[in-house]
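S.K.: Okay, here's what each chain looks like letter by letter:
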Amino acid sequence: MGKFHIRLVGGWCGNRMTMVREHLTQLLAEKGYQVKIDEQSIWESYAPPQHVDLVLQLMPAFSPEELTPPSLLVRSFVRDFDHPETLERVLEAVAEYYFEEESTAQVG
Amino acid sequence: MQTGLYLDYCATTPLHPRVLKAMQLGLERDFGNPSSMHLYGRKARQLVEEARNQVAAGIGSSPEEIIFTSGATESNNLALSGTLHQLAPKKNHLITTAIEHHAVLHCAEALEKDGFQLTILPVDASGLVSADDLLNSIQPDTGLISIMMVNNEIGTLQDLRPLTEIAHENGILFHTDAVQALPCLEVDVQSLGVDLLSLSGHKIYGPKGIGALYLKAGTALQPSFYGGSQENKLRPGTENVPGIIGLGTAMSLRTGNLASRRAHLQDLRETLIRGLKEINPGCSINGCAEQLSPHVISVSFQDTDGELLLFHLSQEAVAVSLGSACTSEDLEPSHVLSAIGLPPEQIAGTVRISLGEPTTPQEIERFLNILPAALKRAAVK
Chain A
1 MGKFHIRLVG GWCGNRMTMV REHLTQLLAE KGYQVKIDEQ SIWESYAPPQ
51 HVDLVLQLMP AFSPEELTPP SLLVRSFVRD FDHPETLERV LEAVAEYYFE
101 EESTAQVG
Chain B
1 MQTGLYLDYC ATTPLHPRVL KAMQLGLERD FGNPSSMHLY GRKARQLVEE
51 ARNQVAAGIG SSPEEIIFTS GATESNNLAL SGTLHQLAPK KNHLITTAIE
101 HHAVLHCAEA LEKDGFQLTI LPVDASGLVS ADDLLNSIQP DTGLISIMMV
151 NNEIGTLQDL RPLTEIAHEN GILFHTDAVQ ALPCLEVDVQ SLGVDLLSLS
201 GHKIYGPKGI GALYLKAGTA LQPSFYGGSQ ENKLRPGTEN VPGIIGLGTA
251 MSLRTGNLAS RRAHLQDLRE TLIRGLKEIN PGCSINGCAE QLSPHVISVS
301 FQDTDGELLL FHLSQEAVAV SLGSACTSED LEPSHVLSAI GLPPEQIAGT
351 VRISLGEPTT PQEIERFLNI LPAALKRAAV K
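So the protein sequences, as listed, match chains A and B.
For the first sequence, my numbering assigns the number 108 to the last residue and increments by one with no breaks.
For the second sequence, my numbering assigns the number 381 to the last residue and increments by one with no breaks.
None of these hints come from the bench; they were simulated from the model.
Cβ atoms here follow ideal geometry from the backbone N, Cα and C, with glycine treated the same way.
Be a bit skeptical, because a hint or two may be false.
Straight-line alpha carbon distances no greater than 35 Å define the calculated DSBU-like cross-link-like pairs of lysine-lysine that follow [unchecked claim]:
1. A/36 x B/381
2. B/90 x B/113
3. B/21 x B/113
4. B/216 x B/277
5. B/381 x A/3
6. B/277 x B/113
7. A/31 x B/381
8. B/233 x B/21
9. B/90 x A/36
FRET-style restraints, in silico, Cβ to Cβ [claimed, not checked]:
10. A/19 x B/14: 28 to 38 Å
11. A/68 x B/257: 53 to 63 Å
12. A/15 x B/208: 42 to 52 Å
13. B/259 x A/23: 33 to 43 Å
14. A/23 x B/14: 35 to 45 Å
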């Protein structure tokens, strides 16, 4: 099973984005998920992310219609890394992927 | 190529062509060190003193009361730190407000860490300080009160005179950061009754890296630097002659057309606010409608991501500022907008539009044409 690839989309404050990325990476690793998270600042690239499994947006930069991968708005992380409802939605999305991957592997 | 639309004059202003011309002479021809006794030095000294006269004339002070610095941040630090260190240990209490520029607030917090006492006064929803609050916060050991004249984020103009009177009735020195008042308001140290006043060059079409501190005659101040006799030993170091010439020229240009500049900005402001309300009736204008500097417009849009709005405006070459400042490790909501009681969601949708002398009605119209699409793209669903 390959690493689950998340793209974190944010703005000018690169430090904040990095802090969110590091926090999520650690949290998901603790939960046993192999996850790769990278960052995209809209000020550097305003192209909708592609070829990733999930897009997490710290700001509503791209609408779901513009994005091929599923996406979640995680604006609450700007003020609170551990925002419970937002974290739950992220964990659900990751767990769903892992469940699907596992099912596919078993069928194959 | 798309022409830029600059609406961020509170951040900085372009150099006035006459300022540039005056500075070029200071950089090329009159390059001497003002402390040198020879011809070159004397010429440079003459230019520095001419600039000192121009700055003094612009704020109603004597030339001897002007200290050149590297900018308003240094002026504010020198005013706070220099005054309190001079007055300590007898007087070691500082009063300031929650909406000051970080050049004052962070300096005040640093002084507090060094053992000085600090009181930070709240402001009301329009950004005004209460005279009663000020009076009640005074202690027997209060040495300095520092309250800005015009707030750089919301444009509120403090009525300083009653506050300086309170200070003087209690034997306390009064400092004001007048950086954002200078672009279009009358600033007169005598009628304001201040003892210290900070100003900056690059907010008034002068160069960056130069500012001044007005220090009322007879007011003692401890310098922050040592090593020379420049600026009456209060700010040693070889003078930034081109910068000083630029500041002097900018100050004299400012004084010459203040009334027409203010009227021009007031007209533009009214057009802009009318347009904003037509485009987005739910938007709110922050600050005090009755007491303001017309060049600052802080507007909060509901259900909008301010940075995304800034980004989409920037894609159209429009330059405005955000209501939140990204500091080294955090995206903190603006301390000014927080102090006037805006909730975080509203702060997140706040942008500052600031106008300048070169701004035209056509530019405002162009901005209002671009804004609706940018707002749509920045909506928080």
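S.K.: All the hints need checking, so say for each whether the structure fits it.
M.R.: So, going through the hints one by one against the coordinates:
| no. | hint | verdict |
| --- | --- | --- |
| 1 | A/36 x B/381 | holds (28 Å) |
| 2 | B/90 x B/113 | holds (18 Å) |
| 3 | B/21 x B/113 | violated (45 Å) |
| 4 | B/216 x B/277 | violated (44 Å) |
| 5 | B/381 x A/3 | holds (31 Å) |
| 6 | B/277 x B/113 | violated (45 Å) |
| 7 | A/31 x B/381 | holds (30 Å) |
| 8 | B/233 x B/21 | holds (30 Å) |
| 9 | B/90 x A/36 | violated (60 Å) |
| 10 | A/19 x B/14: 28 to 38 Å | holds (36 Å) |
| 11 | A/68 x B/257: 53 to 63 Å | holds (56 Å) |
| 12 | A/15 x B/208: 42 to 52 Å | violated (25 Å) |
| 13 | B/259 x A/23: 33 to 43 Å | violated (55 Å) |
| 14 | A/23 x B/14: 35 to 45 Å | holds (42 Å) |
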